[in-house]
Amino acid sequence: MFPRPIEQYSAPVRIGYQLLLPFMLLVWLIPLLAVMFFSIKSGNDFTQGNYWGIGEDGLQGLGNYWTVFTGSDMPRYLWNSVVITVPTMIGAVALSCMTGFALGVYRFKGNLLIFFMFVAGNFVPFQILMVPVRDLTDQMGLYDTRMGLILFHIAFQTGFCTLFMRNFIRALPRELIEAARVEGVSEYRIFWYVVLPLMRPAIAALCVLIFTFIWNDFFWAVVLTQSPESQPVTAGITAFNAQFRAMYHMMSAGSIVAAIPPVAMFFLMQKHFIAGLTLGAVK
Amino acid sequence: MATVATNITNDPAPRSKISQQAIAPWLFLLPAFIFFATYVLYPIIQSFYISLYEWNGLYSPQYRGIDGFTDQQCLELGNRAGREPGCELTGDTVWNAEYVGMENYRNLYADPFFWTSLKNNVIWLLLYFLAIPGGLMISLFLNQKVFGMRLYKSLFFFPFVLSQVVVGLVFSWFMLPGADEGLLNVILGWFGAGPVNILGNNDTATYGIIAAGLWPQTAYCMILYLTGLNAVDPEQIEAARLDGAKGPKMLWYVVLPQLWPATFIAIVVTVIGALRSFDLITIMTNGGPGFYNTSVLAFYMYDVALSEFGFRMGYGSAIAVILFLIMMVYIAGFLWKMWRDEKV
Numbered sequence: 001m002f003p004r005p006i007e008q009y010s011a012p013v014r015i016g017y018q019l020l021l022p023f024m025l026l027v028w029l030i031p032l033l034a035v036m037f038f039s040i041k042s043g044n045d046f047t048q049g050n051y052w053g054i055g056e057d058g059l060q061g062l063g064n065y066w067t068v069f070t071g072s073d074m075p076r077y078l079w080n081s082v083v084i085t086v087p088t089m090i091g092a093v094a095l096s097c098m099t100g101f102a103l104g105v106y107r108f109k110g111n112l113l114i115f116f117m118f119v120a121g122n123f124v125p126f127q128i129l130m131v132p133v134r135d136l137t138d139q140m141g142l143y144d145t146r147m148g149l150i151l152f153h154i155a156f157q158t159g160f161c162t163l164f165m166r167n168f169i170r171a172l173p174r175e176l177i178e179a180a181r182v183e184g185v186s187e188y189r190i191f192w193y194v195v196l197p198l199m200r201p202a203i204a205a206l207c208v209l210i211f212t213f214i215w216n217d218f219f220w221a222v223v224l225t226q227s228p229e230s231q232p233v234t235a236g237i238t239a240f241n242a243q244f245r246a247m248y249h250m251m252s253a254g255s256i257v258a259a260i261p262p263v264a265m266f267f268l269m270q271k272h273f274i275a276g277l278t279l280g281a282v283k
Numbered sequence: 001m002a003t004v005a006t007n008i009t010n011d012p013a014p015r016s017k018i019s020q021q022a023i024a025p026w027l028f029l030l031p032a033f034i035f036f037a038t039y040v041l042y043p044i045i046q047s048f049y050i051s052l053y054e055w056n057g058l059y060s061p062q063y064r065g066i067d068g069f070t071d072q073q074c075l076e077l078g079n080r081a082g083r084e085p086g087c088e089l090t091g092d093t094v095w096n097a098e099y100v101g102m103e104n105y106r107n108l109y110a111d112p113f114f115w116t117s118l119k120n121n122v123i124w125l126l127l128y129f130l131a132i133p134g135g136l137m138i139s140l141f142l143n144q145k146v147f148g149m150r151l152y153k154s155l156f157f158f159p160f161v162l163s164q165v166v167v168g169l170v171f172s173w174f175m176l177p178g179a180d181e182g183l184l185n186v187i188l189g190w191f192g193a194g195p196v197n198i199l200g201n202n203d204t205a206t207y208g209i210i211a212a213g214l215w216p217q218t219a220y221c222m223i224l225y226l227t228g229l230n231a232v233d234p235e236q237i238e239a240a241r242l243d244g245a246k247g248p249k250m251l252w253y254v255v256l257p258q259l260w261p262a263t264f265i266a267i268v269v270t271v272i273g274a275l276r277s278f279d280l281i282t283i284m285t286n287g288g289p290g291f292y293n294t295s296v297l298a299f300y301m302y303d304v305a306l307s308e309f310g311f312r313m314g315y316g317s318a319i320a321v322i323l324f325l326i327m328m329v330y331i332a333g334f335l336w337k338m339w340r341d342e343k344v
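In order, the protein sequence lines correspond to chains R and B. All the letters of the first sequence, read from the start, carry residue numbers 1 to 283 under full-length UniProt numbering. All the letters of the second sequence, read from the start, carry residue numbers 1 to 344 under full-length UniProt numbering.
Since the hints were derived computationally from the structure, they do not count as laboratory data. One or more of the hints may lead you astray.
Stated by the list, open to error - Quick list of in silico lysine to any residue cross-link-like pairs, SDA-like style, CA-CA up to 20 Å:
hint : chain 1 : residue 1 : chain 2 : residue 2
1    : R       : Lys109    : B       : Lys119
2    : R       : Lys271    : B       : Phe158
3    : B       : Lys119    : B       : Gly247
Stated by the list, open to error - Covered stretches of chain B (chain R as the covering partner; in silico rule of three or more C-beta atoms under 8 Å from a C-beta of chain R):
hint : segment
4    : 44-56
5    : 165-176
6    : 213-224
7    : 227-233
8    : 269-276
9    : 331-340
Virtual Cβ for every residue (Gly too), placed ideally from N, Cα, C.
With the rest of the complex left out, here is chain B (with noise of 0.2 Å):
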């Protein structure tokens, strides 16, 4: 703090004020440093190391004198002394997990579920990037000035306000099989065509899946797209008029470039939102209809780590590391971009 000072001695402002201005921005950080540290930054690398460990999650209670026994052992021991409860506790418990080094990756290799899950989510990548020119078309169509457009707009934004549970029942009962019970059926018997039973099928379940989860995306988008066409310049778009541009010469060659911004943004949630998956697959198939067929990292990583064959936490961990070296390579670019916009 000291050379702080001494290095501004012209300033205006007294000395203490310059220490007030070094340290307050600290003390400001603090608290939220701490929440984050202990909830966020901490655990990424702790998942790291437990992904080189074999745990099912429990720890071992430590007995005192008498290292390495287990419960089972003590018991007896107290038994045979004819005494409750077996050795004393000293109150500590021990981290019951085993090192396998790189063990669970080399797994991982072998397991059809993890690469069934990877491919699940290329397609969810992929798929999901429908939701930007969808968002783009509908933003297009509802850019005018008539009556009830507000309205409109916030309707055609609703199904984003939905919870990932709601939309996923939701849809779950729109495709129900039966020739006459989701109304998907109904409406496709209206045209000679179906029954289909979308989510009952190994090969179809995943699009229907990510067709439910295209309806809130969409929307996101599209509401980006609208609050991009706000700030297009009118004058930009009148002169392309006057040179004869219209259409989609015009969208192409003088709006879109100006809704570069917006487009960015969709991409980027639209990216974490496709790999992020999670609560629409568990609601609408849970994995299913056959084992893992619509699982992707995300369902697959916590079906392994918390399920009822029995937790495995560091070949869990394994999964959510990968899962997280492929999100970094986003999140890194758009790290990128950031510092650079920082930089003008």
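Here chain R stands alone, though its shape is the one from the complex (with noise of 0.2 Å):
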């Protein structure tokens, strides 16, 4: 183990490390503390320059966060988040299944070729995509709906999707799908019965994570959407800040309601998150 186990130091410098950790802790999320102080002040605090301070209407506790609900947009951009997202994790991760178990079970002409193209694709810089994907959702009639940008989202995804289910199927023992193919298995049903079910870790910890990746979407819900009707959270914060110009307990309030939910399913599905990002840091 490195660096060396801090038990085997001598106790200041353990107690020592005990006592760095939460400080460090603090120095590093500073910046996000803030923003919780400023979204359990009073409204007055701000227009009378005390940024710091408790004035005489003390802290608000959950009072901004219960405005935010009732006083604005705010539950319409969670929900279009929500509609955006969960379709978009649906989507893309059938797809990739199915991509993956393509390319990592078969050998065929072209199979190298049809992999490197999904993960290029998945790197582009998204402006190089933009004016035509604008135009198309736009020929579609789908320019500022949900639905324009699940369609986008899938396919997008489908790129890194594939790279992770591929590198997972790869690393299954092949013996197993050998042995239903000697068994006059159809492979649709090897599809079905056997690599499916094996897949189940891959499958969480890509819906996580496009969850995440599709949540945080910013650049799509401007290019693709301007109504509150179909704004995601991401791009509604920003008419959100309008209307609340300059009261900082309310927009740190949204902002802290906006990120709520990937936050959740990242403690909630922590271990496969990991795994997902770290595909391919230990080799």
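Two chains, two separate frames, one set of hints: put the complex together.
Below, the structure is given as structure tokens:
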């Protein structure tokens, strides 16, 4: 293990380390803690220029959060984000289970080429797709709809998911598939009954990752949507900020609300999330 | 299919089985391929094509019988004949772009905002690499087994889970300019320094945004290295310890080489993160404080193509093509490494 385990050091070093940990964490998260403090302050404090003290109105507790939910378009933006994120997650994962299976199990001409095409597509800058995708979405009558965003996200995320799934399937024992073939099981049944059940951890990891990526997407949200009827929360929050201009207590409460779903997802599914992100970091 | 089957007649599987194995992968690939080709592959080609045109993003309606008539002419014609609605629409629309060849690229060459954006892209790329040693340092700090370590690790990783929009807002407020507004200036005040207006100053704004970007990016690199450290061979470490290696020497000669896979991925995600930077700039300065001082190619392209000053889709596409070509260098390198690994 590197560095040397802390238990092997003298008592003062150990205690010092234990004290240093929370301090470093505080330093690391200080901008976020500042926003959390903002989000529970009263509006008067900001108009009076009292950013860090606690004025006569005291702290609001969850009051600002309540206003976010009752006095703004925020619930609608949040709902849009859910409606965009969940189908994208299902679509991209379903498609990439199939591509991963095709590219991981079969040897055929062009296998590597198709695989690289998906990988390369996943890395291109969004701007090279922007004008044509916006135009295509418009032509299909899907501009400023949630469906327009869903379709694009499914297509684009399939690139990353294919990379992930294919490598995962590659690592499965091939004998299982060979054995099934000798038994005369059809290819589709092998996919459905042999491989798919083994892919559960990969599916879980991808679902969490895609959920986070899509929920946090901002660029496509502003390119493909513009009204509160279809904008997800990342794009909506800019409109929200225009509504509550310079009202830092409302704006920070709104930002925190927008951040909660992916954060909750991360803490619930941490193992899968990290497994997905660090794919290939250990080899 | 027939050739495949006859070539492998000794195979124990029946012929239908072989042809099924030849067709199956293509059927599994088809749906994703259609999606991917429509939304990713074809648009890339289209962008190259559009970059040779002057186009405002609109289409012109076509009129039956009277080619080349504009909306206005048709309206007048209809009015003169005392009927609505002018010429009869065919229902078709045509792309009303004008071919300009390499004109967009020539204009880019003479465009100072393009060069500012490109310069900022280079600054982003260079400074973003700080995330890699930063992430390594934090991971070494956290690679211990003490009570509550799992929670510490998650909380250090936390910034990565936030949307860049939220990160941008968080740092904008952190850097608020007044002496007792942003927490940064409050803290600087304790040490008798400041106040500073980082985002409002042309010389510092880009660095302020990059600092915000480094926060989640460092967290990402940290988690890559923590995973890598988990897999470092303990026997090698012990052996090196017996030989008297420790501290930086051990790190450099024994640990880092074993962490190469993690470093490689960290480089890939950092380069992509740096070149994709758009959200933070839009949120924190919207390209300002002056004209495009903090712009990068990704931001400039968006602003040119979809700004309130008019939709210049062709010009925007030309910027996108340049950005794409820069990125392609890295993508090609990445694919080349993957290809080499596949051969082994």
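List in ascending order the numbers of the hints, as given earlier, that are violated by the structure. Structure breaks hints 1, 3.
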